[in-house]
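Chemist: Given chain G, work out where chain S should sit, using these hints.
Read top to bottom, the protein sequences are chains G and S. Just so you know, we're using our numbering here: the first sequence kicks off at 1 and counts up by one. Just so you know, we're using our numbering here: the second sequence kicks off at 1 and counts up by one.
Careful: at least some of the hints might be erroneous.
Since copy identity is lost for identical chains, a pair holds within one copy or between any two.
To be verified - Straight-line C-alpha distance at most 27 angstroms; calculated BS3-like pairs for lysine-lysine: (1) K290 to K247; (2) K50 to K179; (3) K101 to K57; (4) K29 to K57; (5) K286 to K247; (6) K247 to K230.
Just so you know, these hints were derived from the structure itself, not from any lab.
Protein chains: 2
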Amino acid sequence: MLGNVIVGQSGGPTAVINSSLAGVYKTAKDLGANKVYGMRHGIHGFLEEKIVDMDEKIKSDLDLELLKRTPSAFLGSCRFKLPEIEADRAMYEKIFALLEKYEISAFFYIGGNDSMDTIKKLADYAVEIDSPIRFIGVPKTIDNDLEVTDHTPGYGSAAKYIASVTKEIIRDGLVYDIKNVTIIEIMGRNAGWLTGAAALATCEDCEGVDGIYLPEVAFDIDKFIAKIGKLLETRDAIVVAVSEGIKTSDGKYVFEHGDHNEYVDAFGHKQLSGTAKYLADLVSEKFGCKSRAIELSTMQRCAGHLTSRVDITEAYQVGGSAVKAAFDGETGMMVTLKRESSDPYICTTGLYDVHKIANVEKKVPLEWITEDGTFVSKEMVNYIKPLIQAELTPIMITGQPRHIVVDMQ
Amino acid sequence: MLGNVIVGQSGGPTAVINSSLAGVYKTAKDLGANKVYGMRHGIHGFLEEKIVDMDEKIKSDLDLELLKRTPSAFLGSCRFKLPEIEADRAMYEKIFALLEKYEISAFFYIGGNDSMDTIKKLADYAVEIDSPIRFIGVPKTIDNDLEVTDHTPGYGSAAKYIASVTKEIIRDGLVYDIKNVTIIEIMGRNAGWLTGAAALATCEDCEGVDGIYLPEVAFDIDKFIAKIGKLLETRDAIVVAVSEGIKTSDGKYVFEHGDHNEYVDAFGHKQLSGTAKYLADLVSEKFGCKSRAIELSTMQRCAGHLTSRVDITEAYQVGGSAVKAAFDGETGMMVTLKRESSDPYICTTGLYDVHKIANVEKKVPLEWITEDGTFVSKEMVNYIKPLIQAELTPIMITGQPRHIVVDMQ
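This is chain G alone, in the form it adopts within the complex (with noise of 0.2 angstroms):
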């Protein structure tokens, strides 16, 4: 295959989506390609023709190096979805003669849900006008949320770091002799993946968190507040791990109760988020103890520093997976990762019909969730364990991870 190929990020951030930007420019490289260019953020960006020449931006293999460990998204993100077809197409006019004239051969769009939304309307409208231009989605969220691949990209390195950060807050929570709860928000609206990953904390070295509790069940808070007194009861430390997404099964989110003012902020904006916060709060409130709210916030998607090698590889593998499929004449089609064993873990990639995957959310299997709904299941673990194992070490320049160099030119 000849001529130029074309890249982009879409969505949230994650630790290792560069990786999957290496893996698609070193392999089209490799395969021959001429031009790689990278859209800044994304077809948002492209759509008002900002692209990059990715031969300017990587010039060596330490530079290619420190883009695989530099998290968040080198090209810039955007959080846009396309038209349908009929609706716009205007737009999908436009994106096609940008693409022909960059004599653009392959797309690849690194993302979630929405992003392989775009790779399914582009190849789409690639057939309709008999285009011979290739699109292929590459799988990244920490989420997890994707449908048909057995994992995402992204998810191991923030598992990791929920379950290496846990451990460490259990500690902290340890040192006094005073009854204190701490209640971990860890993200996830719809799907308990990243929250599952705090049950790695149970190890031989750590006893793990007291609950567990995924938006895949309804939120019981009165027996929330029962546990949580049973295991004062016994033990100074508790700490629990809950999904930001949590609902009661009124639909209500967990934040939106409260019966005062239901959580307005000083200006009197109604608050959208604090699960932790109001439990902590309701924790303090019944039994008088020490609480606090630790919300892992950002830092869980754009912890470069602390990388699984197993996430940061396949990143890298799935982005290269994308430029053969496109070489071999494949489109409309996402990578996935297909698990051929847990134990030991042996994992390749694949091809799927991206039609069948975009827009759909993969949730914890209920039965991964223990019956009271207040853990996961030893399944769930053996899931995750394998995609935290090893390390990928930042390159640490004065103190500090280094990162490659943007300029948002």
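Modeler: Here is chain S on its own, set in the frame of chain G:
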């Protein structure tokens, strides 16, 4: 010196307080101590005779290394200030009776200001009753607010964590092409040593944060908003670092401002934290842009997964130096760190009369804060930089940092 020694940990945990414990243990054994006892939960536990024989916990060089690399206080901690001697002679009699029972010749206490107060009082009482027992303080606090010592063990690792994670958060904020403001909240109610470390995010590959606000100078909310407004005119992503303890010129904490309910929680309790949240809400209110508040929270003091080798080594050294000082006949002293030179960084240990240290809080010199109060000077950066250098990677087992097993019997 014959007999046994005892060591305790007090105050807030740090990532390297156990390295000082390891230093005390190893040097005491090497210098011929019979038994090294550990107090559970500091002097508070000791009063209840809760002690352990460290030989039962440290059985190998591997155990010692695991102890060094385990964050938070292995022995447990307390926040307990001894009464004045005159106020409760019975308590002192009890402590010294216990010390005699266990044939203790030297007492080491690893902690901050309150812990040095404990050393001071016990040393004074020993003089009064003509006891030969020696009392030496080992400095420890992420807050870096102890007088006389150039810096405190624990600070360097917290500063390294803050500097590194701030770089990652800045990266994360850069990805979108929409206006967004991030406020990072950093520990330090009265002293800005930790918040100042955010200045280290400025390096060859990172433009750094757009403002640093320490509690040493009054915070002007209007000027802050004006500055953010000005930055938003030309840039998309703004990141500032604030100390949790910043106050306006009327002495009110920033989080106490707000014209709606003064930040009450869902139960009507006035909130005593949330500086970043308040400012992020204010920014959204004023400019209608996306904003987020990130609290580095407990992670900044317990991140054993990202310690400074300089810090962890110095923590070990001050532990060992304390033992050596006691064996040399010293008492009523705190070990200090004496910086001989910043470039090249050369630091030794010294001893200082604990009477001149206890209960005095060291703040960031005003000349290290820029005149407009929105950043710190190059001098402060040069002061911090050597303290975050190099890493002591945790011992990683099955993908997570391994810690020494703690059993709180």
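Chemist: Checking each numbered hint in turn, tell me which of them this model violates, lowest number first.
Modeler: none
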